[in-house]
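Novice: Next come the chains, spelled out residue by residue.
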Amino acid sequence: MSGFAKEFKKGIVISNPVFVLALSLCPVLAVTNTLDKAIGMSGAFALVIIASNLIISLMRKMIPDIVRILVFIIIIATFVSIVEMLFQAYIPTIYSALGIYLSLLAVNCLILGRAEAFASKNKVSDSLADALGMSIGFCLALILISFFRELLGKGGITIFGNELFTLPVLGDHPISVFGMSIGAFLVMGLLVAFFKWIGVIKDV
Amino acid sequence: MINSLKKYYPVFFLVVVILVSSALMMGAEKINRAALESRQDPATLALLQQIFTNATFYTYSVDTEIYTVYNSGRHKLGYAVYGDGMGYRGRITVFAGLRDKETIENIIVIYQVEDLSYWYRLELNNFFDQFIELNVEDCYPSFTWLPGGVDSISGATFSSRGVVNAVRDAILDKLQYID
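Sequence lines, in order, name chains A and B.
Here the numbering used here is used: the first residue of the first sequence is 26, the next is one more, and so on.
Here the numbering used here is used: the first residue of the second sequence is 85, the next is one more, and so on.
The hints are simulated quantities; they were obtained by calculation from the structure and are not laboratory data.
Built from N, CA and C at the ideal position, the CB exists for glycine as well.
Be careful, since some hints might not be right.
Calculated cross-link-like contacts (lysine to aspartate or glutamate; reagent style EDC-like; alpha-carbon spacing at most 16 Å) [as the list claims (entries may be wrong)]:
| hint | chain 1 | residue 1 | chain 2 | residue 2 |
| --- | --- | --- | --- | --- |
| 1 | B | Lys91 | A | Asp197 |
| 2 | B | Lys258 | B | Asp147 |
| 3 | B | Lys90 | A | Asp90 |
| 4 | B | Lys185 | B | Glu217 |
| 5 | B | Lys185 | B | Glu221 |
| 6 | B | Lys258 | B | Glu221 |
Label-pair restraints from in silico Cβ distances [said to hold, decoys possible]:
| hint | chain 1 | residue 1 | chain 2 | residue 2 | range |
| --- | --- | --- | --- | --- | --- |
| 7 | B | Thr187 | A | Ile39 | 53 to 63 Å |
| 8 | B | Glu217 | A | Phe190 | 48 to 58 Å |
| 9 | B | Ile102 | A | Asp90 | 14 to 24 Å |
| 10 | B | Lys90 | A | Ser150 | 24 to 34 Å |
| 11 | B | Phe96 | A | Gly28 | 28 to 38 Å |
| 12 | B | Ala119 | A | Ile207 | 51 to 61 Å |
| 13 | B | Gln124 | A | Ile200 | 39 to 49 Å |
| 14 | B | Ile194 | A | Val149 | 51 to 61 Å |
| 15 | B | Ala119 | A | Phe219 | 35 to 45 Å |
| 16 | A | Val202 | B | Glu207 | 51 to 61 Å |
| 17 | A | Leu50 | B | Ile102 | 24 to 34 Å |
| 18 | A | Leu83 | B | Val99 | 49 to 59 Å |
Build out the structure end to end from the sequences listed, making use of the hints.
Specialist: As structure tokens, then:
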């Protein structure tokens, strides 16, 4: 398997940031009560991690060791600010729904962690593969968790104002605990158990 | 010489990164501003300019139903909210501007069906000027046994109180969302 494919696959399953590494749980718990927010957060996360990994990998030989963390934070914060402004301008409903959690991507441990542990030490193609894999892994985790939370907590699925379907009994009597933060923990735990049971995840 | 330059390389590098980052953010802000300004409703902006004369830009929160108003330098001028009250003939709707949590900037009446003769009394007696820079806590119909409040105009008491109640309806629930 080529280096690109190996790094790409790693983030999706073997080192899935949410289900395996249990990183970035703050936005995962906060924004997965609806599918819209999960999609918005996944998009923002992907844009920031891909752009920052690329830039950091490109500049890795120029960045002085003594100021590297400062430089990483400036680069990540810049991309977060840009993404925030673009979201505000072009998808204001998602922007206001995500609220503070969009800005908090600037201090996201996963993004900073990939910058420090991977992008600053590897070539551009591998860093890009790592960022893409991590983005897809994060996105899948958010969408899976939010799907079950919205389904159980609201009794149906609505995407960007379009109601896809409503469950017969749950539609009238949703299990509101799944809309709360504890619901995110429950769904996440059950999904990790399920993936481990079917053998997708090996080490948790 | 080269060694001393090398010593300052991290500082130089950090400064370059900060400058590039600032330039990128300024570019993104320009795009953001252009996109947001293109979405402004001219009719709403015209109403807001009657309350805040320097208003050139606003944002609207669907959740709180509050308009946040800015000047050309994107400095926040205040907030504006709609509210309803009952006059003598029916509903009175006002658009109330708040400078901050404590002070009303000004108000404008958007809708009313009061008798013209009574309404003219409010205008002739400068009733609406009482709301300019009025403390939020003083926004209630004045009574003889209570200090402060907004004086009703005699002969148009119901219309006067309708306007005051509309302003109260607009602002009281929203104060919790205002800085």
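Novice: Indicate, hint by hint, whether the structure satisfies it.
Specialist: Comparing the hints with the structure gives:
Between the alpha carbons of B:Lys91 and A:Asp197 the distance comes to roughly 68 Å, so the proposed pair goes past 16 Å and is violated. Taking the CA atoms of B:Lys258 and B:Asp147, the gap is near 11 Å; set against the 16 Å cutoff, the hint holds. Between B:Lys90 and A:Asp90 the alpha-carbon distance is near 13 Å, which keeps this suggested pair within the 16 Å criterion. Between B:Lys185 and B:Glu217 the alpha-carbon distance is near 12 Å, which keeps this suggested pair within the 16 Å criterion.
Between B:Lys185 and B:Glu221 the alpha-carbon distance is near 10 Å, which keeps this suggested pair within the 16 Å criterion. Note on B:Lys258 and B:Glu221: the hinted pairing holds, with a Cα-Cα distance of about 14 Å set against a maximum of 16 Å. Evaluation of the 53 to 63 Å hint for B:Thr187 and A:Ile39 yields a pass: the beta carbon distance comes to about 59 Å. Our hint of 48 to 58 Å for B:Glu217 and A:Phe190 holds, since their Cβ atoms are close to 54 Å apart.
Hint check: B:Ile102 to A:Asp90, Cβ distance near 18 Å, so the stated range 14 to 24 Å holds. The beta-carbon spacing between B:Lys90 and A:Ser150, approximately 31 Å, falls within the hinted interval of 24 to 34 Å. The given range of 28 to 38 Å is respected by B:Phe96 and A:Gly28, whose C-beta atoms sit roughly 34 Å from each other. Taking the beta carbon of each, B:Ala119 and A:Ile207 are about 38 Å apart, not inside 51 to 61 Å as hinted.
Checking the proposed 39 to 49 Å range against B:Gln124 and A:Ile200 shows it holds: the Cβ atoms sit about 42 Å from each other. Range check, B:Ile194 to A:Val149: Cβ separation about 58 Å, and the 51 to 61 Å hint holds. Separation of B:Ala119 from A:Phe219 is about 42 Å and conforms to the stated range, judged on CB atoms against 35 to 45 Å. At roughly 56 Å, the beta carbons of A:Val202 and B:Glu207 sit within the given window of 51 to 61 Å.
Between A:Leu50 and B:Ile102, the C-beta spacing of about 31 Å keeps the proposed range 24 to 34 Å intact. Between A:Leu83 and B:Val99 the C-beta distance comes to about 19 Å, which lies outside the given range of 49 to 59 Å.
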